[in-house]
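A.B. asks: Below, each chain spelled out in residue letters.
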Amino acid sequence: MRNLMQQPFRTAVLVLVWGWLLFLVLAPNLLVVGASVMTRSPGTFISLPLTLDAYRQLFDPLYLEVFLHSLYMAAVTTTVCLLIGYPFAWSLSKVGKQRQVLLIFLLIVPFWTNSLVRTYALKLILATNGLLNSALMSLGWIDEPVQMLYTEGAVVIGLVYLLLPFMILPLYSVFEDLREDLLRASHDLGAGRFSTFIHVIVPMTLPGVLAGIMLVLLPAMGLFFVPDILGGSRNLLVGNVIKNQFLDARNWPFGAAASIMLTLAMAFLMFAHRLSKRRIGEDGV
Amino acid sequence: MASDSDLSCTGLVRRFSGHAAVDHVSLNVPAGTFFSILGPSGCGKTTLLRMLAGFDKPDQGDIYIRGQRMNDVPPNRRPVNMVFQHLALFPTMSVGDNIGYGLKRQKVPLAERRKRIAEVLEQVGLPGLEGRNPQQLSGGQRQRVALARCLVLKPTLLLLDEPLGALDLKLREQMKVELKHLQKAFGTTFVYITHDQSEAMVMSDQVAVMKDGRFDQVAPPEALYREPATPFVAGFVGDNNRISGDLVAVQGELAEIRLDDGSLVRGRIASDDLETGGRVDLFIRPESLVLAGDALNSGYSGMDACIRSTLFDGANSRVEAEGAGNNTLYARLPQDGSAPRFNENATVRLAWDPALARVFGARI
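Read top to bottom, the protein sequences are chains L and B.
Okay, so the first sequence: first residue is 1 according to the numbering used here, each after it adds one.
Okay, so the second sequence: first residue is 286 according to the numbering used here, each after it adds one.
A portion of the hints provided could be inaccurate.
Unchecked claim - In silico DSSO-like cross-links for lysine-lysine, where the CA-CA straight-line distance does not exceed 30 angstroms:
id, chain 1, residue 1, chain 2, residue 2
1, B, 461, B, 439
2, B, 469, B, 400
3, B, 400, B, 465
4, B, 461, B, 496
5, B, 342, B, 439
6, L, 94, B, 389
7, B, 342, L, 94
8, B, 496, B, 455
9, L, 97, B, 342
Calculated directly from the structure, the hints in this document are not laboratory data.
Please model the complete structure; the sequences and the hints are all you need to start from.
C.D. replies: Here you go:
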């Protein structure tokens, strides 16, 4: 009886999920893979014959440098997010339930505004005659405006600003699961605060750290509009390269190859995340 | 400080926003004994245990462990370990690492650590399980790992915070006996808190019954059961019938009580604040009630009661009856074939030896 009632719903859900995965995930990705091994063509964007030229081009020193710089900025962004997000999520899990709801709400509110708009807002703050410089000057801390916009720092600030919630939320969820009695047990068995942090808290929150890194590091390499608005021409991300190949240079195979490389990097991180989860055995006590 | 006592507390007080959760508690636990603190939830027993472990500080009073004052010693420096209510095994560590955690903090070298972990696992009956994940173990096994993790450190005092609560009934019965045996085998002093009187009774050498932040009575289980010192203990420890009435006369050790319907019953006086004419409660255990008329000759007290229902529960089977003055009474039905079958609404005489009944002044 119950089975019969559930069947149509079950079918609908399965069709929806599989349909979504097939047409909106698998098919586009296959198209990208296909494009990456084709030849560039001025009229039709891509044409035969099949070739690995695009992948070869990825290792061109010029692009390699862009990738490495991009990875470096993403790594700095991730580190900053982790340094801010870890204590933030920890204290978030410690305040009362009601305030927790409020704080998480505040964390999510910015998502309701388009991130492009928010990045422009950041530009207004960081500009040479922007809010921050004006404020610092009126406080008398600096005599003349500091160049903040169009620097590497501005890009990192923009990325941290946009991606910090993605670091905090998975960390918050692991801190929520970190029961107080585990810390007490550690203390009771003779460990001090530092020992407890290293041997209990860090291993327990590691899955959240890895999830946060996954959610920040790779998107950080893809958010092309942040360097576009805040970074000037030298602080490019992989995302800028991909965007330029598709929209400006019209080199689709190369753009596709670059995006596949990002996807592979993501897959590698997810694999590492899975491994860490298995080792830790997170089905709880 | 008695030198042979592992734990002694004097006048412990802990207040939370003006309310005393622990209110002038003093206790003394001789070395190698199993001491239980029994009380309903909210009686302050958890607060008391947290102070013994060092997670909380008393507002007044002192805690001594083997004569050493412990008030300002943090939990990681106390010779005390605790088995937590939900065990708090570290899910990121194997069984062996869990047990070795405390040893490692004491910088015990690896070889000796391994040896001691293997030994203690042997002692709790889980030899060779070092490499397992705690999650792979059954509830009873996890219980033993939690115990081993503490006992391997050879604490002066082991605190247990209702660790059996999460187990199912059969396993809990088994673990009760096992815990008692382990305590004897290790010779460690156990302080066990629980709201389950059967756990406290079966395992303990001494039981403190706690209520509203105070100890009502501290006694061995049998004394607690047979000689409850307060009406609360009489009602809380084991099943008991309470019969209310007015004290009309005192004859030596016995009190004569008039029930609300005018009938008279008798019981032994258990508190010294009784006044003739005052309201009193008589407590009589279900197994002390006799369902017959022939016992009346031997100086028994009793009352007529109307059978409401028979509650079959194996060895613990009882009848529910309504006695004089609207008192609901339960009487144990012997399961040796001697008990008659009762029809509902039949009238029986419930009799008891007055020496087995205890009379307290009624709480208003």
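A.B. asks: When you check the alpha-carbon spacing of residue 97/L and residue 342/B, does it fall within 30 angstroms?
C.D. replies: holds, 26 angstroms
A.B. asks: For residue 94/L and residue 389/B, compute the direct alpha-carbon distance and say whether it is at most 30 angstroms.
C.D. replies: holds, 29 angstroms
A.B. asks: Decide if the proposed pair is consistent with the structure: residue 342/B and residue 94/L, CA atoms, cutoff 30 angstroms inclusive.
C.D. replies: holds, 21 angstroms
A.B. asks: Hint check: residue 461/B vs residue 496/B, CA-CA at most 30 angstroms. Holds or violated?
C.D. replies: holds, 23 angstroms
A.B. asks: Take a quick look at whether residue 461/B and residue 439/B sit within 30 angstroms of each other, Cα to Cα.
C.D. replies: holds, 21 angstroms
A.B. asks: Do the alpha carbons of residue 496/B and residue 455/B lie within 30 angstroms of each other, as the hint requires?
C.D. replies: holds, 28 angstroms
A.B. asks: Would you check the hint for residue 400/B and residue 465/B, treating anything up to 30 angstroms between C-alpha atoms as holding?
C.D. replies: With a Cα-Cα distance of about 25 angstroms, the restraint between residue 400/B and residue 465/B holds, given a limit of 30 angstroms.
A.B. asks: With the threshold set at 30 angstroms, check whether the alpha-carbon distance from residue 342/B to residue 439/B stays at or below it.
C.D. replies: OK: residue 342/B and residue 439/B at ~24 angstroms, within 30 angstroms.
A.B. asks: Are the Cα atoms of residue 469/B and residue 400/B separated by 30 angstroms or less?
C.D. replies: The given pair, whose Cα atoms are some 22 angstroms apart, holds under the 30 angstroms limit.
The structure shown violates none of the earlier numbered hints.
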